[in-house]
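There are 2 protein chains.
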Amino acid sequence: MTFDLASYLAERRRLVDEALGCFLPRADAHPATIHEAMRYSVFAGGKRLRPILVIAGAEAAGGMARDVLPTACAVELIHTYSLIHDDLPAMDDDDYRRGRPTSHKVFGEAIAILAGDALLTLAFGLIGENFAAPPAGGDPAGRAEAGAARDPRRLREVLAELADAAGTAGMIGGQVVDVLSEGKAVNGQTLEYIHTHKTAALIRASLRAGALLVGAPGGALEAISVAGSRLGLAFQIVDDILDVEGSLEELGKRAGSDRRKRKVTYPGHFGLEASRMRAKALVEEAKAALEPLRAAAKPIGAIADFILERRS
Amino acid sequence: MTFDLASYLAERRRLVDEALGCFLPRADAHPATIHEAMRYSVFAGGKRLRPILVIAGAEAAGGMARDVLPTACAVELIHTYSLIHDDLPAMDDDDYRRGRPTSHKVFGEAIAILAGDALLTLAFGLIGENFAAPPAGGDPAGRAEAGAARDPRRLREVLAELADAAGTAGMIGGQVVDVLSEGKAVNGQTLEYIHTHKTAALIRASLRAGALLVGAPGGALEAISVAGSRLGLAFQIVDDILDVEGSLEELGKRAGSDRRKRKVTYPGHFGLEASRMRAKALVEEAKAALEPLRAAAKPIGAIADFILERRS
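Residue numbers (our numbering), protein chains in the order written: chain G, 21 to 332; chain S, 21 to 332.
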């Protein structure tokens, strides 16, 4: 039986979008401006890769999407906040993202900063919601307990996982070195640091958080961790390649913008062909690491292929 | 026996400062710039009012400072992040705070934004640390279990408490309305909204988080909540009064800066005398609410008096 990735992604994306719609404050809740700004950026046509990886991580360890939806949404909110702040004039100064004006172009800088802050704050509240007691009368689906994900001892692990991956030892650390490297000659080691921290850390943590939530045993968690770091780096390398190759229509922002700002990119440093080969090798490594999990990890493997082949 | 508030505050401030020094990444940890920026703002001579209130909230419910130190530090990091972002050019555009150049004046806007983001992220990781397993070999102080604060079910409550108080239903909501009200005529209701959300929400949550962590029974929690909201609003009204009255030397920033920017203030709207009376009445209400907790809540009462009488 072939695995239908398109259906898999569409179904989970729908689940995530629906949950995000519920978890985010209504656009007309007071003060409306900030809630409009939060929703504007969250519902901007993202692929929902990271929350789907939270779900895929849980599934690879025997869990189900509904066990991990609040945390899956939390990861998307963390990702979205980082995009809003990255786009600010003081940072990358981008006017467009995915073909739409960036948050600060629409709402002004102050509200954009606060919308990012609010998404990050809400994300951590949501992780806690993953451990809410089951609704009175039991789980609507009829299970006695809605998932192993409700063991409260795991909340601390997941919290630490995401705070580390999003903090100065992860995503923010990568962004700091990226900002400080702008316009400078950067060696391969620094480039790898930026990519593994700015992008790969949160992608790895997404897979791990899903697995942790459903109590994955050590061996499975280790396999998922290795796959996550390979897949995360491959994703950023492909992003760099697309930025070099892409066009305005394909990416929704002016292609080559990283190069124009003299930002370090993988193809800029290692060349296009070597970058493509590296991404391919990383995806193979991810898939090899997942082999012991067999069919349960098939979605992650298919997502890895998808990351390599995506055109946007 | 009279209660020695100065010693009480000094001892707890020392505990908090020591813990903050441990919890924050070292200033030379890579990438050093962001860790220097985080420490620059955290160690800028703050009074540590909010973390001391976490401790006082725990003590009022029968707990001890060491049971709640990670969460106490988390609240201070949330407060510090909000100051860094509030001072940004796109927000209040302040060059000085407590007599020192603000973060973006020293480190640049990009790093200041990221330092705020990093403090907020670290804060939520720290709340989880409050639920870490006791060190192997037992608690150094010889207790079998280092505090009731380690019941993992409470982690979710404390997380929700602080995410709500710091989010758009609390601190960020207040800041949004403050930003949107600048230069506009504002009625008393809006002014009260800004003050209760921007400042009082986190102060109330600080007291509540301490009480929640040590498992305060419902009645005590309710008394502490009422005291917290009164005390939080009184704090902001006194802040407004000091801003009107203060001088450069006393406040470490140019006095009257709120007025110059045409920000709404309590004395600006209701007059100085009425503002002083309101603050006094709120402190009395806070102390009345705490009466059932008797001696255990004495520190909170003394802090309430201190908030009223402070000159900076």
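Where hints are given, some of them may not hold.
Given that identical chains are not distinguished, each listed pair holds provided it fits within a single copy or across any two copies.
To be verified - 30 Å max Cα-Cα, derived DSSO-like pairs, lysine-lysine: (1) Lys67 x Lys283; (2) Lys318 x Lys125; (3) Lys67 x Lys307; (4) Lys318 x Lys67.
The set of hints was computed from the structure by calculation and includes no laboratory data. Remember, it's a predicted structure, so these values are computed and weren't measured experimentally.
- Please work out whether the CA atoms of Lys318 and Lys125 approach to 30 Å or closer within one copy, between two copies, in both situations, or in neither? neither (41 Å within a copy, 50 Å between copies)
- Item | Lys318 and Lys67: within-copy, between-copy, both or neither at 30 Å Cα | within (19 Å within a copy, 54 Å between copies)
- Message: Treating 30 Å as the Cα threshold, decide for Lys67 and Lys307: within, between, both or neither.
- Response: within (21 Å within a copy, 53 Å between copies)
- 30 Å Cα cut-off: does Lys67 pair with Lys283 within a copy, between copies, both or neither? within (24 Å within a copy, 41 Å between copies)
Hint 2 from the list above is the single one not met by this structure.
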